[in-house]
Amino acid sequence: MFYREVGDFKTSYAEDQQTFPIAFDRWRYYVVIAVAFLVIPFIINDYWEKSVLLPFLVFSIAAIGLNILTGYCGQVSLGTGGFMAVGAYACYKLMTGFPELNIFFVVILSGFVTAAVGMVFGLPSLRIKGFYLAVATLAAQFFLVWLFNKVPWFYNYSASGQINAPERTVFGIAVTGAASPSWATYLFCLVFVFALAWAARNMTRGPLGRKWMAIRDMDIAAEIIGVSPLSTKLTAFAVSSFFIGIAGALYFSVWFGAVEVTEAFGINQSFRVLFMVILGGLGSIFGSFAGAAFLVLLPVFLKNVMVGALGWSTAIAANLELVIVGGLIVFFLIAEPHGLAALWRTAKEKLRLWPFPY
Amino acid sequence: MSDQLLFSIEAAINGLMTGILYALVALGFVLIFKASEIFNYAQGVMALFAALTLVGLQKGQVPFAELINAIFGTNIHEFGWEMPTALALLLTIGVMVLFAILVERIVLRHLVNQAPIILFMATIGLAFFMEGFGDLMWGSDIKALDIGLPKGLSETVDQTTFEWFGYGFFIDRLDVAAAIVAAVLVTALVLFSQYTRIGRALRAVADDHQAALSVGISLRLIWVIVWAVAGFVALVAGAMWGAKSGVQFSLSLIALKALPVLMLGGFTSIPGAIVGGLIIGAGEKLFELWVGPLIGGATENWFAYMLALVFLVFRPQGLFGEKIIERV
Chain F
1 MFYREVGDFK
11 TSYAEDQQTF
21 PIAFDRWRYY
31 VVIAVAFLVI
41 PFIINDYWEK
51 SVLLPFLVFS
61 IAAIGLNILT
71 GYCGQVSLGT
81 GGFMAVGAYA
91 CYKLMTGFPE
101 LNIFFVVILS
111 GFVTAAVGMV
121 FGLPSLRIKG
131 FYLAVATLAA
141 QFFLVWLFNK
151 VPWFYNYSAS
161 GQINAPERTV
171 FGIAVTGAAS
181 PSWATYLFCL
191 VFVFALAWAA
201 RNMTRGPLGR
211 KWMAIRDMDI
221 AAEIIGVSPL
231 STKLTAFAVS
241 SFFIGIAGAL
251 YFSVWFGAVE
261 VTEAFGINQS
271 FRVLFMVILG
281 GLGSIFGSFA
291 GAAFLVLLPV
301 FLKNVMVGAL
311 GWSTAIAANL
321 ELVIVGGLIV
331 FFLIAEPHGL
341 AALWRTAKEK
351 LRLWPFPY
Chain L
1001 MSDQLLFSIE
1011 AAINGLMTGI
1021 LYALVALGFV
1031 LIFKASEIFN
1041 YAQGVMALFA
1051 ALTLVGLQKG
1061 QVPFAELINA
1071 IFGTNIHEFG
1081 WEMPTALALL
1091 LTIGVMVLFA
1101 ILVERIVLRH
1111 LVNQAPIILF
1121 MATIGLAFFM
1131 EGFGDLMWGS
1141 DIKALDIGLP
1151 KGLSETVDQT
1161 TFEWFGYGFF
1171 IDRLDVAAAI
1181 VAAVLVTALV
1191 LFSQYTRIGR
1201 ALRAVADDHQ
1211 AALSVGISLR
1221 LIWVIVWAVA
1231 GFVALVAGAM
1241 WGAKSGVQFS
1251 LSLIALKALP
1261 VLMLGGFTSI
1271 PGAIVGGLII
1281 GAGEKLFELW
1291 VGPLIGGATE
1301 NWFAYMLALV
1311 FLVFRPQGLF
1321 GEKIIERV
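In order, the protein sequences belong to chains F and L.
Per our numbering, residue 1 is the first one in the first sequence, and the count goes up by one each step.
Per our numbering, residue 1001 is the first one in the second sequence, and the count goes up by one each step.
Just chain L, with the same shape it has in the complex (with noise of 0.2 Å):
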């Protein structure tokens, strides 16, 4: 096989794992799109202060350390323990869930029926909010995230496809291990959604408010629901990112990716957001390694973008979303 050829299918692997990242933030959009026809602008951010909750609890950072200090004028830093991993991630889930509640309580209770646009900007209001708090909470240095996975070279995959082809493939088993748990978790997601309880309702809300309503079920304890299990999936999408490329305030950024992915699956798919993220992460890599160097590289800051763009223009409502019907 050509050399071309070889590099495009590492590229479009290692795509297709960066893919499934980005898939794992989109479902975090798609659970609340689905339940609460909330645009959720910060799930990116959402997915930051996860990890760097998980981070702090696990160094045993004090929270609001350089706050205090700036007041007080002490100098405090940290409780002087390490947390294990377990631990830290069954706080860091607790975290989320009491942020569903209060994200409930405090913003959406009082913006029910507003239009969604209205909706949208709150979220907006809400990612700038979550942003500086993550900040002020844990401070704003990047920080290295190590919950005991797998990381560097794969050797396996090195010399298995070296023996094949001639020429090692370098995939980092962070990814595989990444893709391997996201897949667990959407699995786990599915089947949730089709064979418990709370599922049904989630299913009942997302197919028609009114009706739910109806037939006994809160909407409140609907959406504290699907915005805790939104956290939920944010804290594994940031734990992957951030032991990937550390806690830093660029995980956001990527997580706004999530967005195109949206587009192009749909917003009210889960499969539709697997495989949107599936092909914009191996179409960015190979757009990146075709044409990139042709045009000055970095194409990845908007590839996506365009693609979803360009593909939205043809297909309004995404690879798998609902026809969109408009009524006067």
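So that you can see chain F by itself, here it is in the shape it has in the complex (with noise of 0.2 Å):
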């Protein structure tokens, strides 16, 4: 009834090509924007923050980096834990080794160390592809794990070999360290959601977004016709290794404030951001945020449920989640491959044309 484009007129090509032709959606979605910006931080409470909003966050930042790699570009990572870290740990050392310097630039800074690292771990895609570069990508993840862990340099020498994150402040309130004040976390999370979700939307629909998927489609193809393998796969792990480094730094400054390297950024990290892409949808922003939003609030749900409602050991609770979790894995891949943005998009066309089957 209202979920239509009818009546609604396009009298200039950006309006024709805006993210959200429908009227509704657009007003959705600011909706949505104006809750998360406007009345969230004020309902905010510790245990939302911590174990809701800013894992949601923080993941969906990763899932995206990680969709642009993998559902954009077509190449399977599995290094995205050890990408986290280098994000960490970069920040660490902004942190502590340039105290002045505002936590917002060196969460950018981050990013950009991460996406040199990314782009030299990037490179052997050229020469490796499929299942070989998915095995190849462990190869940073064990390393960067191992490095982190080793050379002293990187955790400033602290004797438990974790890094801890100091106070920092944005205009004057604390964003990190235990005094920081559960809305303003939040809102220093959302702010670099809210444009690196905006920024991917738009990189992957433009120019840029076009030659990862005609690689991904087919990359011999796509060198015939013009793209070049090395820019683009060469950019594709830089963007998606700048979003992993930022979440990286925030899952380590904001939500946790000290970290232990392999137990934070190990392997099960990598699978978990993949399962979120998986399940959100290859290839899809929404479907990003979807995934994330569905795995952290699955083991969330599940604990409360199962140790909280059945008093149930956390042991038990652990393993069901692991089988509940893969479980899900082979069944979405059976019934929706394309994951929850699948699903969505179905709704949204069942919409358009309700009440009517036709």
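It is worth saying that the hints were derived from the structure and are not from the lab.
Treat the hints with caution; some may be incorrect.
[Said to hold, decoys possible] Covered by chain L, per the in silico footprint, the following chain F stretches (three or more residues, Cβ under 8 Å):
#	segment
1	11-24
2	121-132
3	285-298
4	312-321
5	327-341
What you are looking at is a predicted structure, and each value in this text was computed from that prediction instead of being measured.
All C-beta atoms, glycine included, are put in the ideal place defined by N, C-alpha and C.
The task is to assemble the complex, starting from two chains supplied on their own in separate frames and drawing on the hints.
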């Protein structure tokens, strides 16, 4: 009824090409943004911040990053955890090395550092393809984690091998460290998510994104029609690593405040982000959000039900979670290989025609 | 001979023994990849699951004991019997065959003709499922596995080498036993694929799916057989690793090492898996011995992957892999 293009006349090319061509979608988007920026900061509490909202925001960035590489450019990566570690440690070194530098720029600079590292590990992708590349990215994962574990310079020679985020402020309000208020950390991450998601959406529908997709669909054919595999694959690695590095930096500095590299950025973290991308939908920005939300909320939900309501031990809950997540991955790949984003698209198609079947 | 050289030889021999076990896991990958072009990430977890099942059956554990206790408030843990190892092995093989049938029924059948990467991700999902399922079924504590293989320092090797070089090599008898078992298994597999009807069908499917179908070979049956054989290989690998270092979660991570082995050897080559395993096994031990102390140790975590990565840049199809030809 209300979900229609009918009567919504486009008078310019820009209007015709906008991200949300349907008026209802556009308004829904504004409402979501308004709620996220203007309502949630006032009602947020510590539990929601630490176990739902910050994980969701941080993993959304990581998932968008991996989606750019895997979903848009077709290069499967199992090194996400390692790249997040690069972001986190770059953030730590910059925070402690330049205490007067604003944390906002520190996070962005960590993104650039990670992008550089990502490009180095992306170089083999020109020779190695498919599964071979997926396994090759494991080299990045294991090597980087080992590096941050074994070279004391990275953790400033601290005895525990942990890195701890010192307190940093934005406009005089602490966003890292123990004393930071919930709403401030939330807003700080939200600004990054909003800006990066906007950038990713517009990048993927521009010339860069089209090149990525051409390489994904068939790299040789793309090369023949004039898409340079070198620059295309490397930009995909760079942009993806930039996103993942920022996610890692926020993960460390804002969300946890203290991390130990093997525990926080192990191979399981890589799989977690990969699953978000698969469940959410490969090659979809909305899908990255949906996947991140799903995999952040599912453990919280299962834990509340099984440990909280039924009183089972956490070990059982953790194992059941693995079973359910693994089962869901297989189920999704069979039933809907394009993930939650495809369900969303189908729902929108149906809505446009509703109440008529055709 | 200088001490350094002797240490290196000892490390290399121990590395080769470990390499055989890597090769064993890699073999499971190759079997499945050749027959169905599925890159089975779950192979490592299959080894873990098989080993868990073997221990559980042997010790007479009640499956899902913790879950049952949590739901019904009971307190059961064990049936209270000790099963003979041979019987437990047979039953575990049965479980792995059942697993193969279920995987084909529930997962593979629905994913025919999907892109290889989708199948790969499905096996990652399967790996997570199995990991949780195995722990749920048998408990997540570290279990000792004893299947009657000899253990400990090999006296004979120690004595002989001492007489020869004036320095006794430390070689675990279990490693030797594992190497022999692996060698027997590989020979058996080669004979099986060369001289039996099913083996010939397997090779036909590996060669050309369409042609195999058109001469009346049932792909589904072949898949079940291949997964069952891979399950059996996983059981052997899991039992060996389990006997060596206890059955625990890290088993599936060790099995991840089979991936660089495969990359080095080529995905489609059985000899490649074995040679790759030996190179990686010996290489990582020697690297740790020579370079490890200079850069902080624990290089075994990543050496195999880096070696494979560097190697692949120069030879993308691996040592024995078929040359990759790409067409538009």
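Chain L covers the segment 327-341 of chain F, three or more CB atoms within 8 Å, holds or violated: holds (count 7)
Holds or violated: the segment 312-321 of chain F covered by chain L, criterion of 3 or more residues with Cβ-Cβ distance under 8 Å? holds (count 8)
Coverage criterion applied to the segment 11-24 of chain F (partner chain L; beta-carbon cut 8 Å; 3 residues): violated (count 0)
Holds or violated: the segment 285-298 of chain F covered by chain L, criterion of 3 or more residues with Cβ-Cβ distance under 8 Å? violated (count 0)
Please verify the coverage claim for the segment 121-132 of chain F: does it have three or more residues whose C-beta sits within 8 Å of some C-beta in chain L? Contact hint for the segment 121-132 of chain F vs chain L: holds, 7 residues under 8 Å.
The structure shown violates the earlier hints numbered 1, 3.
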